[in-house]
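Using the sequences and the accompanying hints, generate a full structural model.
Number of protein chains: 2
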Amino acid sequence: MESKVTPWEVKGNIDYDKLIKEFGVSAIDDKILQRIKKHTKELHPFLRRKIFFAHRDLNFILDQYEKGNKFFLYTGRAPSGPVHIGHLVPWLFTKWLQDKFDVELYFQFPDEEKYLFKDNLGWEDSQKYLQENMLDVIALGFDPKKTKFIIDTQHANLLYPEAIKVAKRITFSTVKAAFGMSNETNIGSIFYTAMQAVPAFLPSVLKKKEIPCLIPHAIDQDPHFRVSRDVIPKLGHYKPASIQCRFLPGLRGLEEDGKMSSSEAATAIYTTDDAKTIKNKINKHAFSGGKDTVEEHRKLGGNPEIDVSYQWLMFFEEDDKKLEKIYKEYTSGKLLSGELKALLIEKLTAFLLEHQKKRKDAAKNISKFIL
Amino acid sequence: MESKVTPWEVKGNIDYDKLIKEFGVSAIDDKILQRIKKHTKELHPFLRRKIFFAHRDLNFILDQYEKGNKFFLYTGRAPSGPVHIGHLVPWLFTKWLQDKFDVELYFQFPDEEKYLFKDNLGWEDSQKYLQENMLDVIALGFDPKKTKFIIDTQHANLLYPEAIKVAKRITFSTVKAAFGMSNETNIGSIFYTAMQAVPAFLPSVLKKKEIPCLIPHAIDQDPHFRVSRDVIPKLGHYKPASIQCRFLPGLRGLEEDGKMSSSEAATAIYTTDDAKTIKNKINKHAFSGGKDTVEEHRKLGGNPEIDVSYQWLMFFEEDDKKLEKIYKEYTSGKLLSGELKALLIEKLTAFLLEHQKKRKDAAKNISKFIL
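Line by line, the protein sequences are chains A and B.
Residue numbers for the first sequence follow the working numbering, beginning at 1 and rising by one.
Residue numbers for the second sequence follow the working numbering, beginning at 1 and rising by one.
Do not take every clue at face value.
A pair holds if it fits inside one copy or across any two, identical chains being indistinguishable in the list.
[Claimed, not checked] Below, in silico cross-link-like pairs of lysine-lysine (DSSO-like), each with a Cα-Cα straight-line distance of 30 Å or less: (1) Lys176 <-> Lys145; (2) Lys118 <-> Lys176; (3) Lys114 <-> Lys209; (4) Lys21 <-> Lys325; (5) Lys360 <-> Lys276; (6) Lys239 <-> Lys128; (7) Lys50 <-> Lys239; (8) Lys207 <-> Lys31; (9) Lys128 <-> Lys209; (10) Lys176 <-> Lys234; (11) Lys114 <-> Lys239; (12) Lys114 <-> Lys18; (13) Lys114 <-> Lys176; (14) Lys128 <-> Lys276; (15) Lys208 <-> Lys118; (16) Lys207 <-> Lys118; (17) Lys291 <-> Lys334; (18) Lys234 <-> Lys328; (19) Lys360 <-> Lys334; (20) Lys234 <-> Lys128; (21) Lys67 <-> Lys118; (22) Lys176 <-> Lys4; (23) Lys100 <-> Lys128; (24) Lys209 <-> Lys118; (25) Lys31 <-> Lys67; (26) Lys347 <-> Lys11; (27) Lys128 <-> Lys208.
Just so you know, these hints were derived from the structure itself, not from any lab.
Shown next, in the form of structure tokens:
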């Protein structure tokens, strides 16, 4: 399947090295990892494993940080369905950055985005998912003193007056090229990127002093920031920096589902799936890199590069040694596909049951997070 | 000069009969005037003189009114410069409608519109004119108990969540055709018409009951409502009705300035012009329909159809008998151009000095009007 990566559609088996060139981002290399480590002491597994694989202007952020000028973090979630474990990836990393650098986070919920882009998503649905999705973010343990939720339709008084300043400097030609829009695109969708630009400088406006911005996000959102990075300095603010992750693949594997999709329940694990559902989905659907028979597998070993269970463990098994052991035993044939799946099920179930406990608790704390 | 009428550009000598056909509005005829008069007892000079010359669905508004279902009024002003006497025309009529029908008025100040459409209008200018322009509206005597000002960037929390519902249903093709936009148009301008649509149904949203809407406006704004009238019923609201006026011509006359323009100081009388300035502008610039010499004028008479002073008196001299007398004496040659100008100067100066007094008083009342 030919791959495609836009903010509204990701399909196929994605070549991330090619994306680096196409999008014009910089690869995360050992040099920058060492520079980060100077401040964080240890590196998050998403960095060690190049799950966060690219960036824009991260050196500028570190320059400023080293001069005592702290940055703020900005990321977000467009409500359109239940949260799956793939969504958590950039947020988990954002939480780590918040803790390690002790910085503020502005978390945008653009509750109009998917409503505008999806014909079949009604306004009430969008608002229902907004409430649900906030619980998942809170459950990850963000510090409410340092974390502000921005909800586009509830904070339009703050966002719209700044969005028009961005919008004045972006033509239809530009969004047409960046997002593949056409004459049949609705005018809300055309305008939307201006609303996504605002949180990258809103704290500077609110605090009346310029604060650098670092945006951790999945690579598909890069076109928004590619456009807004050209505009934001014209408004007198720092050009926002960003750090990009690749996608958690869907259950059917990299070839079919380069990115997990909410809209296909059989390929995604939702944060609210119970233990039985997690087990069933993985056992039934997780694409295996194992051989067809036990004999063959013992002899030739499995292929972790295409095995969804192994790929997911790269995201969720934090212990490098354990992961290495799994790799060796799987490739050598000692570990069978079913056994590998069992390891993933155990890991993911423990993580999600804990998440669900915190998620239940989160409802009463929503108001603490809203800007 | 070829004429052109869009919300952002009006030029040339406008053929209003042709506009009725082009825009697809209905002419104000004697039948509908009689129907209005049943309720208002008398007709405003702007109706008697067909200055308000066209409408959409005014019969629906009167049907509803007669059933006891009152409408609300919606009009507006996009701040971009000082208010001139041409701007007052639809507002004076709106005030009359408010008084006669005892209805609420929602007055929109889209403080982003001209900022988005004019390259050379900065944000601070737009905000300065917003404050200035509100004074002119208040000075006309609107009842603060029945009049609500909506300022787009200050009421974005109310407007934006509704604007996206409108925007989802309007494509770029539609705005391209309606407003003559191109690929080089900025995305804020493309979105803007959705913000102008909202006040036409916002009271129904706020009051949770459907209220018919009547929009008095100058004919150049019709493309906005032509587009939004298709969309608003899809959101479950009444299709807004409208009533359109022609423009007060600029000082250089109908041929040159079919519509008075703020940006050309020598062709406009501002509401803040002092008595001396009014006198000088009219004496110096007002295009005359009189003859070249007094002798010729006495013999052949002047032409009121092209005479700016007479045209303006049609807007500002409420007394039909006085106006008729002026018409007769001017066409017969009894009244000289200078004398006609003097009559206009007297009328307009009295009106504006009174306006300026009220305008001074208005500053302390702004907050009473803000929604």
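Here's how the hints hold up against the structure:
Proximity of Lys176 to Lys145 under the C-alpha cut-off of 30 Å is found in neither arrangement, the shortest distances being 39 Å within a copy and 46 Å between copies. Within a single copy, Lys118 and Lys176 get their C-alpha atoms as close as 18 Å, and across copies as close as 22 Å, so both meet the 30 Å cut-off. Only between protomers do Lys114 and Lys209 lie at most 30 Å apart by alpha-carbon distance; the minimum there is 28 Å, versus 32 Å within a single protomer. Taking the shortest alpha-carbon separations for Lys21 and Lys325, neither the intra-copy value of 33 Å nor the inter-copy value of 80 Å comes in at or below 30 Å.
Taking the closest pair of Cα atoms, Lys360 and Lys276 come within 30 Å of each other only inside a single copy of the chain (19 Å); across copies the shortest separation is 73 Å, beyond that limit. Taking identical chains as interchangeable, the C-alpha atoms of Lys239 and Lys128 lie at most 30 Å apart only when they sit on different chains, with a minimum of 29 Å there against 34 Å within one chain. Proximity of Lys50 to Lys239 under the C-alpha cut-off of 30 Å is restricted to the intra-copy arrangement: shortest distance 24 Å within a copy versus 55 Å between copies. For the identical chains of this complex, Lys207 and Lys31 are neighbours neither inside a copy (33 Å) nor across copies (60 Å), given an alpha-carbon limit of 30 Å.
Taking CA atoms no more than 30 Å apart as the test, Lys128 paired with Lys209 passes between copies only; the shortest distance there is 24 Å, against 36 Å inside one copy. In this homomeric assembly, Lys176 and Lys234 come within 30 Å of each other (Cα to Cα) both inside a single copy, at 21 Å, and across copies, at 27 Å. For the identical chains of this complex, Lys114 and Lys239 are neighbours both inside a copy (26 Å) and across copies (27 Å), given an alpha-carbon limit of 30 Å. Taking the closest pair of Cα atoms, Lys114 and Lys18 come within 30 Å of each other only inside a single copy of the chain (27 Å); across copies the shortest separation is 43 Å, beyond that limit.
For the identical chains of this complex, Lys114 and Lys176 are neighbours both inside a copy (18 Å) and across copies (24 Å), given an alpha-carbon limit of 30 Å. Taking the closest pair of Cα atoms, Lys128 and Lys276 come within 30 Å of each other only inside a single copy of the chain (25 Å); across copies the shortest separation is 63 Å, beyond that limit. Taking the shortest Cα distances, Lys208 and Lys118 sit within 30 Å of each other only across copies (27 Å), while inside one copy they are farther apart (37 Å). Proximity of Lys207 and Lys118 under a CA criterion of 30 Å is satisfied inter-copy only: 29 Å between copies versus 35 Å inside one chain copy.
For the identical chains of this complex, Lys291 and Lys334 are intra-copy neighbours only, at 12 Å inside a copy versus 109 Å across copies, given an alpha-carbon limit of 30 Å. Neither within a single protomer nor between protomers do Lys234 and Lys328 lie at most 30 Å apart by alpha-carbon distance, with minima of 52 Å and 61 Å respectively. Proximity of Lys360 and Lys334 under a CA criterion of 30 Å is satisfied in neither setting, with 40 Å inside one chain copy and 89 Å between copies. Proximity of Lys234 and Lys128 under a CA criterion of 30 Å is satisfied inter-copy only: 22 Å between copies versus 37 Å inside one chain copy.
Taking identical chains as interchangeable, the C-alpha atoms of Lys67 and Lys118 are never at most 30 Å apart, the minima being 44 Å within one chain and 40 Å between chains. Taking identical chains as interchangeable, the C-alpha atoms of Lys176 and Lys4 lie at most 30 Å apart whether they share a chain (16 Å) or sit on different chains (29 Å). When the C-alpha separation of Lys100 and Lys128 is checked against a cutoff of 30 Å, the pair qualifies neither within a copy, at 33 Å, nor between copies, at 45 Å. Taking the shortest alpha-carbon separations for Lys209 and Lys118, only the inter-copy value of 28 Å comes in at or below 30 Å, while the best intra-copy value is 37 Å.
In this homomeric assembly, Lys31 and Lys67 come within 30 Å of each other (Cα to Cα) only inside a single copy, at 19 Å, whereas the closest approach across copies is 77 Å. Proximity of Lys347 and Lys11 under a CA criterion of 30 Å is satisfied intra-copy only: 27 Å inside one chain copy versus 71 Å between copies. Proximity of Lys128 to Lys208 under the C-alpha cut-off of 30 Å is restricted to the inter-copy arrangement: shortest distance 21 Å between copies versus 34 Å within a copy.
Checked against the numbered hints given earlier, the structure breaks hints 1, 4, 8, 18, 19, 21 and 23 and satisfies all the rest.
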